[in-house]
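Given next are the chains, with one letter for each unit.
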Amino acid sequence: MAADASVSVSEGHAPHLPEPSGAGRWRRHAVTAIFLGPALVFLAVWIVYPTIRTVIRSFFDRSGDNFVWFDNYKTLFTSDTLVKAIENNAIWLAVVPATVVAIGLIFAVLTERIRWSVAFKIVVFMPMAISLFAAGVIWHIMFQKDPDQGAVNAAIKVARDAVVPAGVLTSANASTPGLRGDPDQGFVLRAPLRAGATATMGLTAIPPAQVPAGAKQAVPPRGEAGKITGVVWRDFRPGGGKPGVVERGEQGIPGATVNLQDANGKVVKTETTGDDGSFTFAGVGAGSYRAAIDKDTFAKPFDGIAWLGPKLITPACMIAYIWVWAGFSMVVIAAGLSAISREVLEAARTDGATEWQVFRRITVPMLAPVLSVVFVTMLINVLKVFDIILSVAPGSSQDDANVIALAMWRTSFGGVNDFGLGSAIATFLFLLVIPALLLNVRRFKRES
Amino acid sequence: MEAATVPAQRRVEAPVAPRPQESWFAKVGRYAAKLPLQLLMAAIALLWLIPTLGLFLTSLMPAGSIAEQGWWKVISHPSQATFDNYNALFDNNDLTKALVTTAEIAVGNTLILVVAAALAGYAFAWLEFPGRDVLFVVVIGLLVVPIQVALIPIFSLYNSAGLFDTVVGLVLFHVAFGMPFAIFLLRNFFAGIPKDILESARIDGASELRIFFRLILPLGLPAIASLAIFQFLWTWNDLIVALTFGRNTQPITVAIFSQLRQFGTNIELIAPASFVSLALPLVVFLAFQRYFVQGLLAGSVK
Chain H
198 MAADASVSVS EGHAPHLPEP SGAGRWRRHA VTAIFLGPAL VFLAVWIVYP TIRTVIRSFF
258 DRSGDNFVWF DNYKTLFTSD TLVKAIENNA IWLAVVPATV VAIGLIFAVL TERIRWSVAF
318 KIVVFMPMAI SLFAAGVIWH IMFQKDPDQG AVNAAIKVAR DAVVPAGVLT SANASTPGLR
378 GDPDQGFVLR APLRAGATAT MGLTAIPPAQ VPAGAKQAVP PRGEAGKITG VVWRDFRPGG
438 GKPGVVERGE QGIPGATVNL QDANGKVVKT ETTGDDGSFT FAGVGAGSYR AAIDKDTFAK
498 PFDGIAWLGP KLITPACMIA YIWVWAGFSM VVIAAGLSAI SREVLEAART DGATEWQVFR
558 RITVPMLAPV LSVVFVTMLI NVLKVFDIIL SVAPGSSQDD ANVIALAMWR TSFGGVNDFG
618 LGSAIATFLF LLVIPALLLN VRRFKRES
Chain F
9 MEAATVPAQR RVEAPVAPRP QESWFAKVGR YAAKLPLQLL MAAIALLWLI PTLGLFLTSL
69 MPAGSIAEQG WWKVISHPSQ ATFDNYNALF DNNDLTKALV TTAEIAVGNT LILVVAAALA
129 GYAFAWLEFP GRDVLFVVVI GLLVVPIQVA LIPIFSLYNS AGLFDTVVGL VLFHVAFGMP
189 FAIFLLRNFF AGIPKDILES ARIDGASELR IFFRLILPLG LPAIASLAIF QFLWTWNDLI
249 VALTFGRNTQ PITVAIFSQL RQFGTNIELI APASFVSLAL PLVVFLAFQR YFVQGLLAGS
309 VK
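Protein chains in written order, with my numbering: chain H, 198 to 645; chain F, 9 to 310.
Just chain H, same shape as in the assembly (with noise of 0.2 Å):
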């Protein structure tokens, strides 16, 4: 590798300089290679030789002897963990550099219009300073599966609950025959009922701990003219008791919800149980009717999205990753808005376009080329995501996580070590940069 760094330092040594004296030449020589020495030795040995090097081990086999041609290549598209990695990468590439852009031109074009803005900014950026993989820390903690724990869940818990409260028992059964149905479908009582009359419903298998709290001895029901009255309650007492029959010591159950449909099974009432499981329908027709528990009554409380499992891990780290670029995304388009002349919106508004028509025709158009910077230096990012999977994704979920950088870091020093492999992917990783690394030098040479 000594021999790279010769050979590029040697260019500033070539010998048709448009200087005469060769004493005052071989000066000049000696002062750029003491200014770029430095610099090309290390770009020399630490980048070029090593790439070259790696491109040429992805052809050798594990243990470097044998020459393979592309074997280590049919392996990276063929085996079931790397084309994984490939697909993972894929849906990172297609959903991450756009989502950055969005979010960063919204919150670039909304601080405009807010006094706090720099402290707004300070804020969303914050994230950039820390490391990947402490933001990996980050969100592992708020995607805790247990709403007690992962703050995420916690607050999707929060709305449901208040959408579709969770029921007041978990199980039950019928205690008669006379009530047929399940805690998934509810119960509905067989005996056909009209107004005035009485429907009893007793539940057993409801274990003494989840009876609801604050529930009161059951009452029978008493018919009552042009009402349906009823009780759902616990027909057990310590002892046993007799099924169908409500006795001392058997519980009401509070909170439970009680539908009573038409003939057509059509809900046409809806209560909720007393503290001692007593309920009313008021105003009740001619016709004959039928009372059921409504299975709501048995609704499972929100026990927690798997974030980190298997299926949604690839998303949680998505927007981990987002949360610490979109500040990137934002400053930086934030800078080119700034460079917009004012003059042109204004007189676009004055002329009586809506602030949409003025973002959507002016703004983003004139935008375009920072949009793109960004959007690209997202997809490089991308392609290299690396750290925030590993201390995201928990070990049993790292395969469904796993990508392209990750799987050859996986490969070349987690254990299989493998590598010619290794450099199989490094080399494809290397391969998928290449447009990004000749747009970049395009744009330079437009520049200058």
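By construction, these hints were calculated from the structure, which means they are not laboratory data. None of the hints are false.
Interface residues of chain H toward chain F, partial, derived using beta-carbon atoms under 10 Å:
id, residue
1, THR229
2, ALA351
3, ALA523
4, ALA623
Derived pair list, reagent style DSS-like, types lysine-lysine, alpha-carbon separation capped at 30 Å:
id, chain 1, residue 1, chain 2, residue 2
5, H, LYS342, H, LYS281
6, H, LYS581, F, LYS105
7, F, LYS81, H, LYS497
8, H, LYS342, F, LYS81
9, H, LYS642, F, LYS203
10, H, LYS497, H, LYS508
11, H, LYS581, H, LYS281
12, H, LYS463, H, LYS492
13, F, LYS81, H, LYS354
14, H, LYS508, H, LYS581
Predicted model, so just to flag it, every value in this text is computed and none were measured. For glycine and all other residues, C-beta sits at the position ideal for the given N, C-alpha and C.
Dock chain F against the given chain H, drawing on the hints supplied.
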């Protein structure tokens, strides 16, 4: 960040300011109209703060209660909070040693990089030599080369050269992979220094080295500061390089990573260690955010 926002803010406020005769009623109305936006932005800012806050509060929870309750319970029961975990952390030799190693790597490679890249940046900006433009294009091309491409050959090289598992080995690797961006950033900044200043120094007979130390370095200080902060944070935060070329030479990220393999049993160690590992970058960022953002804007191609 300030540099980027101040002009924008001024322009937005400009049409609002000259309205002296506006009644307080109209003023209230104007603020009320902005209220939904204010609330939305406050909610977003919270969303960006909460995760880090969550890590901090987790690190304050007693070891036994972390598995039983969420960190937000600490807000309503502040008496539960304790610094015991931090005491345990700083009593743990592995982790304190890791912090020292991290600092050695981050400071060492930043110093070497700044010197080497400043010299090269000057050469690319102001010295004339054949092949200069081609070489610079190569440097730009190297900007995007993924670290993965170098891992295996350097691993073998370090093993035979005795650099494996040493701070020096890690430092040199970081210098090399920081180099393309550093040269790119500094060359562009140096090229913007007025030509007259350099020409007159050369006519006065100053040597190139003298020009570099007396003129370029002082004038280029803002860009050098940007680069130094960037590289310091970048290498402080590194995981993959240290994971590959170190065993016992562990920076803090690797030390946490080896704890993470038993996650759930020792979060009382992981949470404070993670928070310590990100506290310094946060302070550096908040103190020097202007330079940080300038560097970012100058080279958002990495």
